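**Student:** Listed here are the chains, written in short residue letters.
10 protein chains.
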Amino acid sequence: MLYMVHMQVNIPASLPKAEADRLKVEEKAFAQKLQHDGKWRHLWRVAGQYANYSVFDVAGNDELHDLLTALPLYPYMAIQVTPLAQHPSAIAAN
Amino acid sequence: MLYMVHMQVNIPASLPKAEADRLKVEEKAFAQKLQHDGKWRHLWRVAGQYANYSVFDVAGNDELHDLLTALPLYPYMAIQVTPLAQHPSAIAAN
Amino acid sequence: MLYMVHMQVNIPASLPKAEADRLKVEEKAFAQKLQHDGKWRHLWRVAGQYANYSVFDVAGNDELHDLLTALPLYPYMAIQVTPLAQHPSAIAAN
Amino acid sequence: MLYMVHMQVNIPASLPKAEADRLKVEEKAFAQKLQHDGKWRHLWRVAGQYANYSVFDVAGNDELHDLLTALPLYPYMAIQVTPLAQHPSAIAAN
Amino acid sequence: MLYMVHMQVNIPASLPKAEADRLKVEEKAFAQKLQHDGKWRHLWRVAGQYANYSVFDVAGNDELHDLLTALPLYPYMAIQVTPLAQHPSAIAAN
Amino acid sequence: MLYMVHMQVNIPASLPKAEADRLKVEEKAFAQKLQHDGKWRHLWRVAGQYANYSVFDVAGNDELHDLLTALPLYPYMAIQVTPLAQHPSAIAAN
Amino acid sequence: MLYMVHMQVNIPASLPKAEADRLKVEEKAFAQKLQHDGKWRHLWRVAGQYANYSVFDVAGNDELHDLLTALPLYPYMAIQVTPLAQHPSAIAAN
Amino acid sequence: MLYMVHMQVNIPASLPKAEADRLKVEEKAFAQKLQHDGKWRHLWRVAGQYANYSVFDVAGNDELHDLLTALPLYPYMAIQVTPLAQHPSAIAAN
Amino acid sequence: MLYMVHMQVNIPASLPKAEADRLKVEEKAFAQKLQHDGKWRHLWRVAGQYANYSVFDVAGNDELHDLLTALPLYPYMAIQVTPLAQHPSAIAAN
Amino acid sequence: MLYMVHMQVNIPASLPKAEADRLKVEEKAFAQKLQHDGKWRHLWRVAGQYANYSVFDVAGNDELHDLLTALPLYPYMAIQVTPLAQHPSAIAAN
Chain A
0 MLYMVHMQVN
10 IPASLPKAEA
20 DRLKVEEKAF
30 AQKLQHDGKW
40 RHLWRVAGQY
50 ANYSVFDVAG
60 NDELHDLLTA
70 LPLYPYMAIQ
80 VTPLAQHPSA
90 IAAN
Chain B
0 MLYMVHMQVN
10 IPASLPKAEA
20 DRLKVEEKAF
30 AQKLQHDGKW
40 RHLWRVAGQY
50 ANYSVFDVAG
60 NDELHDLLTA
70 LPLYPYMAIQ
80 VTPLAQHPSA
90 IAAN
Chain C
0 MLYMVHMQVN
10 IPASLPKAEA
20 DRLKVEEKAF
30 AQKLQHDGKW
40 RHLWRVAGQY
50 ANYSVFDVAG
60 NDELHDLLTA
70 LPLYPYMAIQ
80 VTPLAQHPSA
90 IAAN
Chain D
0 MLYMVHMQVN
10 IPASLPKAEA
20 DRLKVEEKAF
30 AQKLQHDGKW
40 RHLWRVAGQY
50 ANYSVFDVAG
60 NDELHDLLTA
70 LPLYPYMAIQ
80 VTPLAQHPSA
90 IAAN
Chain E
0 MLYMVHMQVN
10 IPASLPKAEA
20 DRLKVEEKAF
30 AQKLQHDGKW
40 RHLWRVAGQY
50 ANYSVFDVAG
60 NDELHDLLTA
70 LPLYPYMAIQ
80 VTPLAQHPSA
90 IAAN
Chain F
0 MLYMVHMQVN
10 IPASLPKAEA
20 DRLKVEEKAF
30 AQKLQHDGKW
40 RHLWRVAGQY
50 ANYSVFDVAG
60 NDELHDLLTA
70 LPLYPYMAIQ
80 VTPLAQHPSA
90 IAAN
Chain G
0 MLYMVHMQVN
10 IPASLPKAEA
20 DRLKVEEKAF
30 AQKLQHDGKW
40 RHLWRVAGQY
50 ANYSVFDVAG
60 NDELHDLLTA
70 LPLYPYMAIQ
80 VTPLAQHPSA
90 IAAN
Chain H
0 MLYMVHMQVN
10 IPASLPKAEA
20 DRLKVEEKAF
30 AQKLQHDGKW
40 RHLWRVAGQY
50 ANYSVFDVAG
60 NDELHDLLTA
70 LPLYPYMAIQ
80 VTPLAQHPSA
90 IAAN
Chain I
0 MLYMVHMQVN
10 IPASLPKAEA
20 DRLKVEEKAF
30 AQKLQHDGKW
40 RHLWRVAGQY
50 ANYSVFDVAG
60 NDELHDLLTA
70 LPLYPYMAIQ
80 VTPLAQHPSA
90 IAAN
Chain J
0 MLYMVHMQVN
10 IPASLPKAEA
20 DRLKVEEKAF
30 AQKLQHDGKW
40 RHLWRVAGQY
50 ANYSVFDVAG
60 NDELHDLLTA
70 LPLYPYMAIQ
80 VTPLAQHPSA
90 IAAN
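Protein chains in written order, with numbering that gives the first Met the number 0: chain A, 0 to 93; chain B, 0 to 93; chain C, 0 to 93; chain D, 0 to 93; chain E, 0 to 93; chain F, 0 to 93; chain G, 0 to 93; chain H, 0 to 93; chain I, 0 to 93; chain J, 0 to 93.
Derived from the structure by calculation, the hints contain no laboratory data. Treat each hint with caution, since some may be false.
[Claimed, not checked] Okay, derived cross-link-like pairs now, SDA-like style, lysine to any residue, Cα gap no bigger than 20 angstroms in a straight line: (1) H/38 x G/87; (2) C/38 x C/71; (3) G/23 x G/66; (4) G/27 x H/87; (5) B/32 x B/69; (6) H/23 x G/87; (7) I/32 x I/16; (8) J/16 x H/71; (9) H/32 x G/88; (10) I/32 x J/86; (11) F/32 x E/91; (12) D/38 x D/71; (13) B/27 x A/93; (14) H/27 x H/71; (15) D/38 x D/62; (16) B/23 x B/8.
[Claimed, not checked] Using C-beta positions, here's what the derived DEER-type ranges look like: (17) D/74 x J/87: 17 to 27 angstroms; (18) H/58 x G/28: 48 to 58 angstroms; (19) H/58 x G/15: 39 to 49 angstroms; (20) H/58 x J/87: 32 to 42 angstroms; (21) D/77 x A/15: 23 to 33 angstroms; (22) I/12 x A/14: 17 to 27 angstroms; (23) A/14 x D/74: 16 to 26 angstroms; (24) G/91 x J/12: 29 to 39 angstroms; (25) D/62 x G/90: 50 to 60 angstroms.
Values in this document were obtained by computation on a predicted structure and should not be read as measured data. Note that beta-carbon positions come from the ideal geometry of N, C-alpha and C, so glycine has one too.
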């Protein structure tokens, strides 16, 4: 099942740089693992912003919530979730 | 080059049903042609709304504009465009 | 799987009253059928508005979209969908 | 009497982790007590957010306010309250 | 129990003037009856707008909804309801 | 002359608790004095929020501004003022 | 007593041009009379919009409301009122 | 040339009181000088807020920007500028 | 003097197509004349929308207002104006 | 390819002045280099704000993102990007 997810990252100035850098490394590794697993199907950068549009392919709302809250940068993200359905004009199945 | 496009369809009650139906048939055919051509890479329905999230893969801003304004339902759509860049954590190239 | 759904009904003044009344009767019958089927788990009126908060229990995004777009009043509704996950402090399973 | 309540939790980075953890434990215990008492009828997590949709069943506005402001995490929450009425198409009484 | 109610009136140009005038007369009579009954405790005009702030004193959410939807101008109003609780610094009981 | 005033209190975490407590005591005393003087005609708590709706009865804009800025918690409030006029359907004079 | 008033004019396409022209002539005459009377102290056009910022000098909220609702174009205006107080740094009295 | 300027002052709690007081004194002196020079034509307090509506009379956009950014409190202000044109119904020239 | 102008065109469905087409032809001619005159310095289409961002170079607010309101499509446009000043890092004078 | 970019600078009070000054010097040098390179085609100050409207001329979304995130003040900016297309009434090519 697919979900459009918009993530906006806001790392506070009070977070030590070393801690922020560590979180970003962990975030990247986790994001790539989820992509390899097929859970995080698409990941695009919003041009000019520390933000992304992503498409997740998961079993449902609970798995989506578990994955998103497990992101290392989750505490510093504003996340919006939009559930996606099959579009009747799409030539590919979701 | 990729763009996230959000389309919200608002067909006015004053449009005759036959005309609306004709436009929808043309819209579907055109959307499927663009998907087969690889220009309209993804097309998802927003659950519960007459709206979609789409990803277009075009040469640039002008081609994107030309395609969107050529949509049969374009006069009845509110469209938001977000340019997408390569995300450093993405395992696939845009 | 649960979804919070907010529906705001806006019947245009141009819709003949007999047609509006017929749609409302059909809407009520359909809503009650879905409640009896366990798909539309909760239905509450927002005090002072022609709007409701509802909780749907469906297989996923596609079934939710199919049910919502099948509502007789769907063409006259503004709908917002929020996917719900299990809350760790809830004493009941979703 | 029922109320839809949306709670968004924003724990500031300046709150010591031990204090935050203690508040979360107390919040969970209090939330579960209110659910067992039948005051907090439903509690759902908003997928992807540190937020919930809840339904309270209380004697009125004053009891609702007393319960919400007694939540251990209340000082760190943005709360929106929507009073609910009986929906004429609902098959169950509120 | 008290509720703050904000009503914004938007009478469409397509409503015949005689019908609008009749509804306004009925609205005034009904509003005054509810004030005499003690249900509609306060009624103030928002300066410069066809809008009012009102305070209702009713048994609960259902009675409030029944009264508001019975207003003759209800189909042409945008209504916002805010439940009010006793303020600890108020010298009068609600 | 009447004004609807909405006050939202946002006490920053950096304010020492003793100072906040002192301000709240002063605020309550001042609010009650103004109520006894007839200047602060109504004071209601917004259910679920550290906010209130109030009605002030003062000579005009300047007196209103002087009273509001004299509130001990004024530096921590977001205030919205709406001037009220006599409503033609009100059975009581403002 | 002074008020900042923002008026946005939205004349519907369904209003016959002759009627619109008549209203505009009456609006201008009334606006100029109020300026000569000293009630409508300032009147400025918002560049690029069918809108104005105005300052009214009236006895209070009721007189302001009476004047604004007497404007010939009032039914086609969205009006926002902001009460003004004496600024401590102003070299002129309001 | 006239501009409507809305200034909202937000002095952070972290600014030492002595520094804030010094800035306010300088702000007042500068504001009064500009008024005497005829550049800052009007200055009104928004009732209930640490904000003002002002009208500036300057040679153009550049002079306006230079004056506003020279305000001692400029770093702590949110400023909105609206260019004003001559209103055809105004009895005075801008 | 420069101004950033955002124009959003909303031609109502009730406008006859021949009239709309005539207005568009006149709009194009007028827009090109103003560009040749150096008044309308830049004109860009917003991708995916019937909207543009434009930069006008005029004597001041009044001339800007006169030009914008003279646009044949002005009655069907929502226009936002932002006055521009010389940027200290710009290598070209405005 | 052209993009309209709106940048709003928000330098936090916690950033040491020397560091802020250094960033501003670097920002200016980088901005001027990009202008000389023809990448940053226009740069205008928004009157009364620490903000600018800019037009970038780059190969596409990726180059735009790379340039914007390389700005020394990027961590303190809120950036909005609007892709621009050729306007059919423009007398110059983009």
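**Student:** May I ask which of the numbered hints given earlier this structure violates, with the numbers listed in increasing order?
**Tutor:** Of the numbered hints, 7, 17, 18, 22 do not hold.
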